[in-house]
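*Asks:* Now for the letters of each chain:
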Amino acid sequence: MRIAQIKLISSLSYRSIFRVPVNCWLIGAFMILIIIALGSSYLSNLHHQHNVNHYSEEVRDRWENNPDKHPHRMAHYGYVAFRTKYPLSFFDNGIDSYLGNAVFLEAHRQNSVNFSQASLSTGLMKFGALSAGLLLQLLLPLLIFFWGYASISGEREKGVLKLFLTQGAHWQEIILGKTLGLFLGSLTVVVPAFILTFILLLLYPHHLSLSSIASSFSCLTLCYLAYLFIVSFLAVWVSAKSASSKTSLIKLIGCWLFFTLIIPKISQVVGQFLYPTPSKIEFDTLVEQELLKQGDSHNPDDPHFKALKDSLLLTHGVSSTKELPFNYSGYLMKEGEKLSTETYRKHKAELISLYQKQSKVVHYTAMLNPYIAIKNISMVLSGTDFGSYQIFNEAAENYRYNLAQTMNDLQIEHISNTVKSSADKNAVISQQYWIDFPKFQHNFLSVKEMIKSIKWSIGALIMWLIILMLATVYFSKNLKAI
Amino acid sequence: MIKLQIKQLLRSKSLGIGLVLLFFLGLISLQIGKSFNERQQFIIEQTALAQKEHINRHLKYVDGHIGLLLYYIRFGLANESPAIAGLSIGQRDTRQAAQLINIRNLEEQKNTSELVNPFYQLLGNMDFSFVLIYLFPLIIIVLSFNLLSEEKESGRWSLLCVQSNNPFRVIKAKLLIRLVCVLFLLIVLLLLGSLYLNISFNQNLMAFCAHAILYVLFWFVLVWWATSLGKSSNQNALILLSCWLLLTTIIPSIVNNVVNYKYPIAAAYETTIDSRDGYHNKWDEPKEPTLLKFKKHYPQFAKYQHPEAASFSWLWYYAMQQMGDDESAVARQTMKQKIENRSKLTKWIGYFVPSIHTQLSMNFICKTGLHNYLNYMEALETYHEDLRLSFYPKIFEEEPIQNQKWETYSLQYFKEGRPTNWISLLPVIILSFVFLLSAKQKGHQNSKEKK
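In the order they appear, the protein sequences are chains A and B.
Be aware that the first sequence starts at 2, since it is given in the numbering used here, and climbs by one per residue.
Be aware that the second sequence starts at 28, since it is given in the numbering used here, and climbs by one per residue.
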């Protein structure tokens, strides 16, 4: 393979793209779409962030301004946690629209995270949300296929290919050169898109270190470049293998449909069949029944809590709970909260693992399907995948548990055993305790964790590159010149 | 002539593969619809059981004030989904088929959603409406994008022009044969679907079929229009594929972004905060104002009094709970208004975009759209209010728990009843005619240029 030859062929095929006026229009239209997608997502994320900040502050103010009171009332007053978006999320919406944004955190129960964008949207949600990620993953390949379907078959039909080969060009050089030409063509859209993304990213207000943002951004860029190279390669290969340009176009469009519609849908159906997930009512019933088995702190005759009481009385050498040196009902609630949270978390973890198994069925098809690979990579690096959401979810649940148990501890320590109800004047502790309780905030996945979760998808892209390269080296001799 | 055409078409591989694939995917979509319907039914049954079990268990535990029992026990309202919902699932699968609520404040209870894997939500359900809206047009394009251009490119067209007065008739016949094939497939799928899903034959089903057929007709008209432009096969393919992308992906997703951006729903957060403070803050405030507000809302309960100097009464407790709903009413109304605005704007834009219009109309017919959800929410509010109104006096009168017939409180059903909206067929018909006329004009121009 000679570099000079490849350079020549690639620059020829790159220039031939722009000789067709329609292509310039298509690139223009594509750029406009990219700008609309990035701009509107960026603005709505900014708006979302503004709301989150505003309402988080309001929640905090109201929390701190609660008067002196019984701590258990505070445990019920609870907190509202809002989900912050990862700075890059305007690039690719991922599953973000389907995730809840606000959750009410209180003692004794785990509320659902509510108000996802989808839950408040019309039936249009099904058509997908416009994002730069969608455009580059889904539509740009179609554009590349359109540019490349005749790249070799067309020249064969015109008889130029024979000339090329007799003049000393090698098949490998032609295939690589054409691929590079197409790839360079796609860069006219991709480069401005990523520059715009980077500028917007720098403008976006966030607390993350520049290096972590820059590394997830550059990783994202690299993966997209690899993806588009694969797509260009595929276009040229199919064109080389096809008898005519017409069949090449039909084959490529078939490939596109197969990769973007058929495989994802079918694998999803298979996933649902292999790993059925419980509905909310089944899940709630299951948790409730297990809790009932363990014991009910509200039931005075419950064996678990009766045993607990007896052992406490014995250790402290007293005859009734009123004589205990700490607040007994606080102690009971602490125990109850611990048990119920353990149970809930166990079942929640099972549910999450089912979801992950379901998703994996689709993700595994990345080995066959570069579209799923890039979709997964793009989602993870933009912080809009399930893993990123789990960070928020777990942070919120930990905060809730911590809040409830802190209030229980305060009750155990400061509230006397003789008060009759939370309304009692002596059953009040200072407001300062609320102020001392930390604010809610949540982190994001670190870039390292992100990369760890997409290593298979990255591997799939690399594998595709290698296979196509090998095919070029070993099988291109069998291609037909006429 | 026609016979030969049919033979030629039947022999072509692309038609066979295309139609078989479409039929196969259609069957999968019907199976998805079937299992969706069964799951909905299952959830509703489970909810009914859970409600019964829940009430019985608490009847055993709680032997005190009826107010305490009503603190715990929950009552269900199911959003009954018709069998036809399996054809166009919409957002039904992300929303609960039935909700259990207690008579405390509703705001904290009503917004829970169904448990669904969000990644699967992103990939979307392959229900019948998806197959129709996305895949049918593709087959139509593949079958007929080069009707005229192929003749021209193979040189047959000039031959035909010499031999016939009206060569366009041949092209028309070719297109009609394809139309018949695709329509036949569609009707077979619809027929199988209605049998397999046990959809009762009524106006709704007819309207659904009409929408499906019109949508297919629209695409044939579009193909005819593209043919009339007289471009080459490649250009036709490009034009039609661009139309497909615009109609099924680009325009709907832009509209979605625009609508959501135009009507942001920050009020959702506000309702959460307002209802939380509306209720919880009352514990630390003097009781009198809360009671006064409650009695102002419900003058019929003005005669009940909070026992003086008591630190607690159920009257005061439920008055506090009521405040959670009352004080978030403004934010809730704003939110509802905004969702309705979203729905209206989308519907209006949909009149000009057949894919959007067909999807929304199908969701509307199948009672799976946003509309249905809003109506169900309203029904849930009414149901909750009815429960309150019937239980409040019993709580305040301190009626003994045993006096109630608790076994009669079983799961209730909300059934959305709406007359079939036949007018919604019009936009697609009008749009199809516009393209037909335009095609005719273009055809005239082309033939003039020839002469």
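Incorrect hints may appear among the rest.
As the list claims (entries may be wrong) - Under the rule of at most 30 Å between Cα atoms (straight-line distance), these lysine-lysine pairs were calculated in the BS3-like manner:
| hint | chain 1 | residue 1 | chain 2 | residue 2 |
| --- | --- | --- | --- | --- |
| 1 | B | Lys199 | B | Lys469 |
| 2 | A | Lys358 | A | Lys339 |
| 3 | B | Lys179 | A | Lys481 |
| 4 | A | Lys252 | A | Lys242 |
| 5 | B | Lys79 | A | Lys349 |
| 6 | B | Lys442 | A | Lys294 |
| 7 | A | Lys358 | B | Lys61 |
| 8 | A | Lys163 | A | Lys247 |
| 9 | A | Lys421 | B | Lys371 |
| 10 | A | Lys294 | B | Lys432 |
| 11 | A | Lys159 | B | Lys432 |
| 12 | A | Lys339 | A | Lys456 |
| 13 | A | Lys310 | A | Lys159 |
| 14 | B | Lys137 | A | Lys339 |
| 15 | A | Lys252 | B | Lys432 |
| 16 | B | Lys323 | B | Lys137 |
| 17 | B | Lys330 | B | Lys320 |
| 18 | B | Lys467 | A | Lys421 |
| 19 | A | Lys426 | B | Lys469 |
| 20 | B | Lys79 | B | Lys137 |
| 21 | B | Lys322 | B | Lys34 |
| 22 | A | Lys8 | A | Lys242 |
| 23 | A | Lys159 | B | Lys258 |
| 24 | A | Lys426 | B | Lys320 |
| 25 | B | Lys61 | B | Lys442 |
| 26 | A | Lys358 | A | Lys294 |
| 27 | A | Lys426 | B | Lys322 |
| 28 | B | Lys258 | A | Lys247 |
| 29 | B | Lys258 | A | Lys252 |
| 30 | B | Lys199 | A | Lys252 |
Said to hold, decoys possible - Stretch by stretch, here's where chain B covers chain A in the computed footprint (C-beta under 8 Å, at least three residues):
| hint | segment |
| --- | --- |
| 31 | 83 to 89 |
| 32 | 270 to 276 |
Honestly, the hints are just simulated from the structure, not real lab data.
The beta-carbon is built from N, C-alpha and C at its ideal position, and this holds for glycine as well.
*Asks:* With reference to the structure, classify each hint as holding or not holding.
*Replies:* Consistency of the hints with the structure:
Simply put, Lys199 of chain B and Lys469 of chain B have alpha-carbon atoms about 15 Å apart, close enough for the 30 Å limit, and the pair holds. Taking the CA atoms of Lys358 of chain A and Lys339 of chain A, the gap is about 28 Å. The hint holds against a cut of 30 Å. For the proposed pair Lys179 of chain B and Lys481 of chain A, the alpha carbon gap of about 28 Å is at most 30 Å, so the pair holds. Proximity of Lys252 of chain A to Lys242 of chain A is assessed by CA-CA distance (about 10 Å); at most 30 Å being required, the pair is judged to hold.
Our distance criterion of 30 Å between C-alpha atoms is met by Lys79 of chain B and Lys349 of chain A, whose separation comes to about 25 Å. Restraint check: the Cα-Cα separation between Lys442 of chain B and Lys294 of chain A comes to about 37 Å, which exceeds 30 Å; the hinted pair is violated. A hinted pair counts as satisfied when its Cα atoms are at most 30 Å apart, and Lys358 of chain A with Lys61 of chain B qualifies at roughly 23 Å. For the suggested pair Lys163 of chain A and Lys247 of chain A, the alpha carbons sit about 20 Å apart, so the restraint of at most 30 Å is met.
Straight-line distance between C-alpha atoms of Lys421 of chain A and Lys371 of chain B comes to about 55 Å, which puts the hinted pair past the 30 Å bound. At most 30 Å may separate the alpha-carbon atoms for a hinted pair to count; Lys294 of chain A and Lys432 of chain B meet this at roughly 28 Å. Taken as a hint, the Lys159 of chain A and Lys432 of chain B pair is broken in the structure, with Cα atoms around 88 Å apart against an allowance of 30 Å. At roughly 36 Å between alpha-carbon atoms, Lys339 of chain A and Lys456 of chain A are farther apart than 30 Å, so this suggested pair is violated.
Distance hint between Lys310 of chain A and Lys159 of chain A is unfulfilled; the C-alpha atoms sit about 92 Å from each other, more than 30 Å. Taking the CA atoms of Lys137 of chain B and Lys339 of chain A, the gap is near 27 Å; set against the 30 Å cutoff, the hint holds. A threshold of 30 Å between alpha carbons decides the hint, and for Lys252 of chain A with Lys432 of chain B the separation of about 69 Å lies outside it, so the pair is violated. For the given pair, Lys323 of chain B sits about 25 Å from Lys137 of chain B by alpha-carbon distance, which is consistent with the 30 Å threshold.
Of the supplied pair hints, the one linking Lys330 of chain B and Lys320 of chain B holds, its CA atoms being roughly 14 Å apart against a limit of 30 Å. As the CA atoms of Lys467 of chain B and Lys421 of chain A are separated by approximately 88 Å, the hinted pair breaks the 30 Å bound. Using a Cα cut-off of 30 Å, the hinted pair Lys426 of chain A and Lys469 of chain B is violated, with the two alpha carbons roughly 88 Å apart. Proximity of Lys79 of chain B to Lys137 of chain B is assessed by CA-CA distance (about 20 Å); at most 30 Å being required, the pair is judged to hold.
Taking the CA atoms of Lys322 of chain B and Lys34 of chain B, the gap is near 81 Å; set against the 30 Å cutoff, the hint is violated. Under the criterion of a C-alpha separation no larger than 30 Å, the hint pairing Lys8 of chain A with Lys242 of chain A is consistent with the structure, at around 23 Å. Between Lys159 of chain A and Lys258 of chain B, the direct Cα distance comes to roughly 20 Å. Compliance with the 30 Å bound is thereby established for this hinted pair. At most 30 Å may separate the alpha-carbon atoms for a hinted pair to count; Lys426 of chain A and Lys320 of chain B meet this at roughly 25 Å.
For the hint linking Lys61 of chain B to Lys442 of chain B, the alpha-carbon distance of about 20 Å falls within 30 Å, and the restraint holds. Distance restraint check for Lys358 of chain A and Lys294 of chain A: the Cα-Cα separation of roughly 29 Å lies within the 30 Å cut-off, and the hinted pair is therefore satisfied. For the suggested pair Lys426 of chain A and Lys322 of chain B, the alpha carbons sit about 27 Å apart, so the restraint of at most 30 Å is met. At roughly 15 Å between alpha-carbon atoms, Lys258 of chain B and Lys247 of chain A fall within 30 Å of each other, so this suggested pair holds.
Pair hint Lys258 of chain B plus Lys252 of chain A holds up; C-alpha atoms about 21 Å apart against a cutoff of 30 Å. With a C-alpha separation of about 27 Å, the suggested pair Lys199 of chain B and Lys252 of chain A falls inside the 30 Å cut-off, and the hint holds. Look at the segment 83 to 89 of chain A against chain B: 1 of its residues bring a Cβ nearer than 8 Å to a Cβ of that chain, fewer than three, so the hint is violated. Judged by the Cβ-Cβ criterion of 8 Å, the segment 270 to 276 of chain A is covered by chain B as claimed, because 3 of its residues qualify and three suffice.
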